[in-house]
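Enquirer: The chain contents come next:
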Amino acid sequence: MKITIEAPKQGEEDEIIVRCASLDERLLKLIQALRAEDKLTGYLEDKIVKLSLKEIYYFEAVDNKVFSYTAKETYEIHKKLYEIEQEFEHTDFLRISKSVIVNVSKIAYVKPIFNGRFEAKLKNDEKVIVSRQYVTELKKKLGI
Amino acid sequence: MKTLGNFIKWFLYITVGILIVCGINYKLAGVESVPVDLFGMILLSAFATTLITVIILPKEEDGKLRSGVKFLLHYIMLCVIMCFLGCWFGWMHFEAAGVAMMAIDVALVYLFSFLAHYIIDIRQADAINKVLQEKYGDEEV
Chain A
1 MKITIEAPKQ
11 GEEDEIIVRC
21 ASLDERLLKL
31 IQALRAEDKL
41 TGYLEDKIVK
51 LSLKEIYYFE
61 AVDNKVFSYT
71 AKETYEIHKK
81 LYEIEQEFEH
91 TDFLRISKSV
101 IVNVSKIAYV
111 KPIFNGRFEA
121 KLKNDEKVIV
131 SRQYVTELKK
141 KLGI
Chain B
1 MKTLGNFIKW
11 FLYITVGILI
21 VCGINYKLAG
31 VESVPVDLFG
41 MILLSAFATT
51 LITVIILPKE
61 EDGKLRSGVK
71 FLLHYIMLCV
81 IMCFLGCWFG
91 WMHFEAAGVA
101 MMAIDVALVY
111 LFSFLAHYII
121 DIRQADAINK
131 VLQEKYGDEE
141 V
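Top to bottom, those sequences are chains A and B. Residue 86 in this note's numbering sits at position 86 of the first sequence, with consecutive numbering throughout. Residue 75 in this note's numbering sits at position 75 of the second sequence, with consecutive numbering throughout.
Extracted from the complex, chain A is given alone in its bound form (with noise of 0.2 Å):
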């Protein structure tokens, strides 16, 4: 596939323009990753906050509500957790058990426990369990 990467006239917006025959599996991929915001609504009592996904640690879904855990508080998001794994399937985060997606940056190290899970460790000193069934699914995030 040829990739060709202009400069936009001057004022002219930047745009990405895809000129194929038809989108293929790794086009639409590409595509859904553009598309998706590296913003996400977070509500926090009677606030509303637009959370940038660098300060995510993990997501969580509890009593069939989803929380973000960012360094210092908590809120509530309005989405599945399942969309949340679809929308950012091509950023940092992963999901690492049946209720838990994690940022993956924000993982200081992993260690094994009990019945083949891991527990990690973040960098804000909160531990997560990274399931038996996705310990394969963070090395191939991780590329290993």
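Just so you know, the hints here were simulated from the structure itself, not pulled from any lab data. This one's a predicted model, so the numbers in the text were calculated from it and none came from an experiment. Any given hint might turn out to be false.
Unchecked claim - What follows is a set of in silico ranges between Cβ atoms, one per label pair, in the way DEER data are often shown:
| hint | chain 1 | residue 1 | chain 2 | residue 2 | range |
| --- | --- | --- | --- | --- | --- |
| 1 | A | Q86 | B | V34 | 52 to 60 Å |
| 2 | A | D63 | B | F7 | 49 to 57 Å |
| 3 | A | Q32 | B | L65 | 23 to 31 Å |
| 4 | A | K54 | B | H117 | 33 to 41 Å |
| 5 | B | H117 | A | E6 | 13 to 21 Å |
| 6 | B | E61 | A | D125 | 20 to 28 Å |
| 7 | A | D24 | B | V34 | 56 to 64 Å |
| 8 | A | S99 | B | K135 | 21 to 29 Å |
| 9 | B | E61 | A | I17 | 44 to 52 Å |
| 10 | B | L72 | A | Y82 | 54 to 62 Å |
| 11 | A | K54 | B | F84 | 56 to 64 Å |
| 12 | A | D63 | B | C87 | 52 to 60 Å |
Unchecked claim - Away from chain B, derived, C-beta distances all over 12 Å, residues of chain A:
| hint | residue |
| --- | --- |
| 13 | L28 |
| 14 | Y43 |
| 15 | V49 |
| 16 | V66 |
| 17 | E83 |
| 18 | E85 |
| 19 | E89 |
| 20 | R95 |
| 21 | S97 |
| 22 | N103 |
| 23 | V104 |
| 24 | G116 |
Glycine included, C-beta positions come from ideal geometry on N, C-alpha and C.
Since the structure of chain A is already known, use the hints to place chain B on it.
Expert: For chain B alone, coordinates are given in the frame of chain A:
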């Protein structure tokens, strides 16, 4: 597919564990030559105990109490099966000393299998941590 992979993994650990324990026992008993069909016996024992292991070992969703009960049940089941097979293979006589020895042997295989599992997990964790450090080590909190 996942269950089959799990079965094969445990089967390998347990087979090696039983081989080691058999080797130790034969050495301690001063036996010079081992029965020709010993390997077949070991494989059959490993197969039976792996089956029990895959069925009974605690699942991720099990709580601490349930896991503890399952581990205890698992160990007892392994002892019962190995006593039965041990008598059949002529490895032991069904008497207090024989059963006690078998319980110790089962514990040794148990220890070996879990240690092997843990060492592999540690290696995986090391590989993950190395990449995490390389890719994200410099990122501020």
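Enquirer: Please write out, lowest number first, the hints stated earlier that are contradicted by the structure.
Expert: Violated hints (numbers, rising): 2, 3, 5, 10, 21, 22, 23 and 24; every other hint is consistent with the structure.
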